[in-house]
Amino acid sequence: MAFHNFYGQQADMYSFIYIPKFLMTERTFSCIQNTSKIIYGFLMDRMKMSVKNQWIDDKGRVYLIYPMNELEKDAGMSRKRIMECFQELKEAGLLEQDVDEPGYSGIMYLKHIAVE
113 MAFHNFYGQQ ADMYSFIYIP KFLMTERTFS CIQNTSKIIY GFLMDRMKMS
163 VKNQWIDDKG RVYLIYPMNE LEKDAGMSRK RIMECFQELK EAGLLEQDVD
213 EPGYSGIMYL KHIAVE
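Each residue of the sequence shown is one higher than the one before, counting from 113 in this note's numbering.
The hints are simulated quantities; they were obtained by calculation from the structure and are not laboratory data.
Ideal placement from N, C-alpha and C gives every residue a C-beta, glycine not left out.
Some hints could be false.
[Said to hold, decoys possible] Below, in silico cross-link-like pairs of lysine-lysine (DSS-like), each with a Cα-Cα straight-line distance of 27 Å or less:
| no. | residue 1 | residue 2 |
| --- | --- | --- |
| 1 | K185 | K149 |
| 2 | K133 | K185 |
| 3 | K164 | K149 |
| 4 | K192 | K171 |
[Unchecked claim] Ranges between beta-carbon positions, derived for each pair:
| no. | residue 1 | residue 2 | range |
| --- | --- | --- | --- |
| 5 | I129 | E208 | 34 to 40 Å |
| 6 | D169 | Q145 | 28 to 34 Å |
| 7 | N181 | A114 | 28 to 34 Å |
| 8 | F118 | N181 | 31 to 37 Å |
| 9 | G205 | F118 | 34 to 40 Å |
| 10 | A114 | H224 | 21 to 27 Å |
| 11 | N181 | T147 | 17 to 23 Å |
Build out the structure end to end from the sequences listed, making use of the hints.
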C-alpha cells in the first residue's frame, strides 16, 4: 500500500463521518466513550438519507432507520459493542429508539444540542 500527498481538488475526494465538535469538547459529554461518539457520527450521516426519503413522523420529527447488520459492517464493530454505544447515547439524551425486538435497531430519533 502506498500513501501519497493530496494535490488540488483531491482533498475533497472522500466522504466523511462528521462528529460534532461539542461531543469532543463539552465537559458534559466527557463521560461518553469515543466509540459511542463515532456511532453518533454514523447516525448523523444516515440522517441525510432520512431527509432525502422524507422519513418524518406524525409529530414532524425526522427519524432514521439503520439496520444493525449494515451499521456493524459500516462501523466495523460488533453488535454487542454497538448496543453498548446506543445505551450510552440514550443515557446521555442523544438517542431515542423505538425498538420492538432485541438486537434490532428499529426506528431512531437522533438528538442534538439546542442552544437556549
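Right, here's what the structure says about each hint:
1. K185 / K149: 17 Å, holds
2. K133 / K185: 25 Å, holds
3. K164 / K149: Distance ~24 Å between K164 and K149 Cα, so the pair holds.
4. K192 / K171: 31 Å, violated
5. I129 / E208: 34 to 40 Å: The hinted range 34 to 40 Å is violated for I129 and E208, with Cβ atoms some 21 Å apart.
6. D169 / Q145: 28 to 34 Å: Holds: the Cβ-Cβ distance is about 29 Å, inside 28 to 34 Å.
7. N181 / A114: 28 to 34 Å: 33 Å, holds
8. F118 / N181: 31 to 37 Å: 33 Å, holds
9. G205 / F118: 34 to 40 Å: Holds - the Cβ-Cβ distance for G205 and F118, about 38 Å, lies within 34 to 40 Å.
10. A114 / H224: 21 to 27 Å: 39 Å, violated
11. N181 / T147: 17 to 23 Å: 18 Å, holds
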